[in-house]
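J.: Chain by chain, the residues run as shown.
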Amino acid sequence: MRLALRETMIGFRRAPMLSALSITTIAFSLFAFGLFSLVAVNIRKTLSDVESRVEIRAFLADGTAVEVVSAAMGDIGAFPEVSRVEYVSPDSALARARAELGEFKDVFESAFLPASIDVRMREGHRDPASLRTIAGRIKSFEFVDDVRYGEDWVDKLYRIRNVATAAGVILGLAFAAVAVIIIGATIRMAVMARAREISIMRLVGATDAFIRRPFLIEGFLKGVLGGLLALALTWFASVVISRNFVQTEFFSRGLASLGIIGGAVIGVLGSSLSVGRHLRKI
Amino acid sequence: MIRFQHVYKEYPRTGLALQDVSLFIGKGEFVFFTGPSGAGKSSLLKLTYMEELPTKGDVWVAGVRAKGVKRREVAKLRRKLGVVFQDFRLLEDRTAEANIAFALEVIDAPRTAIGPKVARALAQVGLSAKATSLPSEMSGGEQQRVAIARALVNDPFVLIADEPTGNLDERATRGVFQLLRDINASGTAVMMATHNLELVRRSGYRTIEINRGQVVFDSNEAESKKKVEGLA
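As they're listed, the protein sequences go chains A and B. FYI, the numbering for the first sequence is 4 to 285, going by my numbering. FYI, the numbering for the second sequence is 12 to 243, going by my numbering.
Just so you know, the hints here were simulated from the structure itself, not pulled from any lab data. For every residue, glycine included, the Cβ atom is placed at its ideal position computed from N, Cα and C. Some hints could be false.
Claimed, not checked - The list that follows gives simulated cross-link-like pairs (lysine-lysine, DSS-like), each with its CA atoms no further than 27 Å apart:
{"no.": "1", "chain 1": "B", "residue 1": "67", "chain 2": "B", "residue 2": "236"}
{"no.": "2", "chain 1": "B", "residue 1": "57", "chain 2": "B", "residue 2": "238"}
{"no.": "3", "chain 1": "B", "residue 1": "238", "chain 2": "A", "residue 2": "284"}
{"no.": "4", "chain 1": "B", "residue 1": "57", "chain 2": "B", "residue 2": "236"}
{"no.": "5", "chain 1": "B", "residue 1": "87", "chain 2": "B", "residue 2": "57"}
{"no.": "6", "chain 1": "B", "residue 1": "91", "chain 2": "B", "residue 2": "236"}
{"no.": "7", "chain 1": "A", "residue 1": "284", "chain 2": "B", "residue 2": "91"}
{"no.": "8", "chain 1": "B", "residue 1": "236", "chain 2": "A", "residue 2": "284"}
{"no.": "9", "chain 1": "B", "residue 1": "91", "chain 2": "B", "residue 2": "67"}
{"no.": "10", "chain 1": "A", "residue 1": "284", "chain 2": "B", "residue 2": "141"}
{"no.": "11", "chain 1": "B", "residue 1": "78", "chain 2": "B", "residue 2": "67"}
{"no.": "12", "chain 1": "B", "residue 1": "87", "chain 2": "B", "residue 2": "38"}
{"no.": "13", "chain 1": "B", "residue 1": "236", "chain 2": "B", "residue 2": "38"}
{"no.": "14", "chain 1": "B", "residue 1": "81", "chain 2": "B", "residue 2": "141"}
{"no.": "15", "chain 1": "B", "residue 1": "81", "chain 2": "B", "residue 2": "67"}
{"no.": "16", "chain 1": "B", "residue 1": "91", "chain 2": "B", "residue 2": "128"}
{"no.": "17", "chain 1": "A", "residue 1": "284", "chain 2": "B", "residue 2": "67"}
{"no.": "18", "chain 1": "A", "residue 1": "284", "chain 2": "B", "residue 2": "78"}
Said to hold, decoys possible - A few chain B positions that, by computed beta-carbon distances, are all more than 10 Å from chain A:
{"no.": "19", "residue": "17"}
{"no.": "20", "residue": "39"}
{"no.": "21", "residue": "66"}
{"no.": "22", "residue": "71"}
{"no.": "23", "residue": "88"}
{"no.": "24", "residue": "149"}
{"no.": "25", "residue": "206"}
{"no.": "26", "residue": "228"}
{"no.": "27", "residue": "230"}
{"no.": "28", "residue": "231"}
Taking the hints into account, I'd like the entire structure generated from these sequences.
T.: What follows is the structure in structure tokens.
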């Protein structure tokens, strides 16, 4: 390992421009990936904020007895998909409508709004199918006049989320593949620059695994350094966007570490492919 | 020790380089390979250190069989043999001793053993005083001695030399050849490809002449044939 590290350092020292170029190239391809991820993270965050507000509202028939309502609330609250059940009296409904539709508040003069039970779903159960099932079950209570949960926009919301996720995965893989190819190409240059050394190593009996080691370390270091640089660039971009355009959320610490680990993995993968190809040829 | 049995080597672009070569080289022998350029001398040496594998026939080197050999086995075999070339193949940015140590480091030799072994190899080729010189600071003869020291540092059973004096003047050639004789005298077999017929004539060692990929003359033919057939 000591020798492998020394050989890696010699590689860096012998061709500092090539190394700097490799790291910069890796950084920029990861930066493109980072920017896209930043957009994806923020889209997902916005969507999950909206999603958390999804609720089922069951309107109750006039004159439903309080005991019946509270028994039903107990039953509904016991559904595993449900996180919270709240009773909204006609007065509260009026107050809420006035608050939500401020400029039309004068329209609501009397308590003509029905009482309702508002049901919040647990995370993971806010999809259209779960909502439909629970809404159906609630509707089966005979004192429930109607059930609303914004079926149309929940469907749309989910479609947007699925498209965003699919686009994220596809573009993420595409960017990762580009990064692997770029890293592979830069490591290939390093391999070519050290072809003589490799041929001497083979001549004196070094195994392929031994020859590969310094290049894998080099790929790993380039991936990590490129990843760090890309992270710094993405952070800078996020600050600029937040200050000038729209407030954005930066990656969590875990996600940022995952990005650097991803860079390292891409670096090792690119090197491994490049050196493997060279070794198979000689 | 080294056995070629009806070996053919064909390259996709240049065609047949060796045809029906059978020979045996025993322990501690000194063998010259002569013949015009492109005759197949280098191909034969490459088959010995398994840089190339036969298209047909088989080669055995120190018990390792070319047919079906794994890359890992080739690496292990090369630790037991030394190879030198006309162009020395030294690392230009490393000193003589670093070049020799490199051969030990890449096979994970114990660190404590490297220093003494390098010093001994340098002494063996008479270059102790040039230990810290870079290849560019040495003459061709000295560089070839460093290459020989690197080949010797693992105590090989055979030293394979492909035109080792091809780039040297007469004086340096004599010096390198004497060094190879000394190495052979200490028990290491030497396989040397050369164009220098004067050197071959004066030495009296076994000579194998190759022409158009075939062995056309072997000064030890009878003995070699017996060994090849006997071991088949």
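J.: Now look at each hint and say whether the structure bears it out.
T.: Each hint tested on the structure:
1. 67(B) / 236(B): Satisfied, since the Cα-Cα distance of roughly 19 Å is no more than 27 Å.
2. 57(B) / 238(B): holds, 22 Å
3. 238(B) / 284(A): Violated, because 35 Å separates the two Cα atoms, which is more than 27 Å.
4. 57(B) / 236(B): With Cα atoms ~21 Å apart, residue 57(B) and residue 236(B) stay inside 27 Å; holds.
5. 87(B) / 57(B): holds, 16 Å
6. 91(B) / 236(B): holds, 25 Å
7. 284(A) / 91(B): Distance of about 24 Å is within 27 Å: holds.
8. 236(B) / 284(A): Distance of about 35 Å is beyond 27 Å: violated.
9. 91(B) / 67(B): Judged against 27 Å, a Cα distance of about 25 Å means the pair holds.
10. 284(A) / 141(B): violated, 36 Å
11. 78(B) / 67(B): holds, 9 Å
12. 87(B) / 38(B): holds, 19 Å
13. 236(B) / 38(B): The given pair, whose Cα atoms are some 16 Å apart, holds under the 27 Å limit.
14. 81(B) / 141(B): violated, 38 Å
15. 81(B) / 67(B): Holds, because 17 Å separates the two Cα atoms, which is no more than 27 Å.
16. 91(B) / 128(B): OK: residue 91(B) and residue 128(B) at ~15 Å, within 27 Å.
17. 284(A) / 67(B): Given that 27 Å is the threshold and the Cα spacing comes to 21 Å, the pair holds.
18. 284(A) / 78(B): Holds: residue 284(A) and residue 78(B) sit about 19 Å apart, inside 27 Å.
19. 17: holds, 27 Å
20. 39: holds, 21 Å
21. 66: holds, 18 Å
22. 71: holds, 18 Å
23. 88: violated, 8 Å
24. 149: About 17 Å separates residue 149(B) from the closest Cβ of chain A, which puts it past 10 Å; holds.
25. 206: holds, 22 Å
26. 228: holds, 29 Å
27. 230: Given that every Cβ of chain A is farther than 10 Å from that of residue 230(B), nearest at about 29 Å, it holds.
28. 231: The claim stands: residue 231(B) keeps its Cβ more than 10 Å from every Cβ of chain A (closest is about 28 Å).
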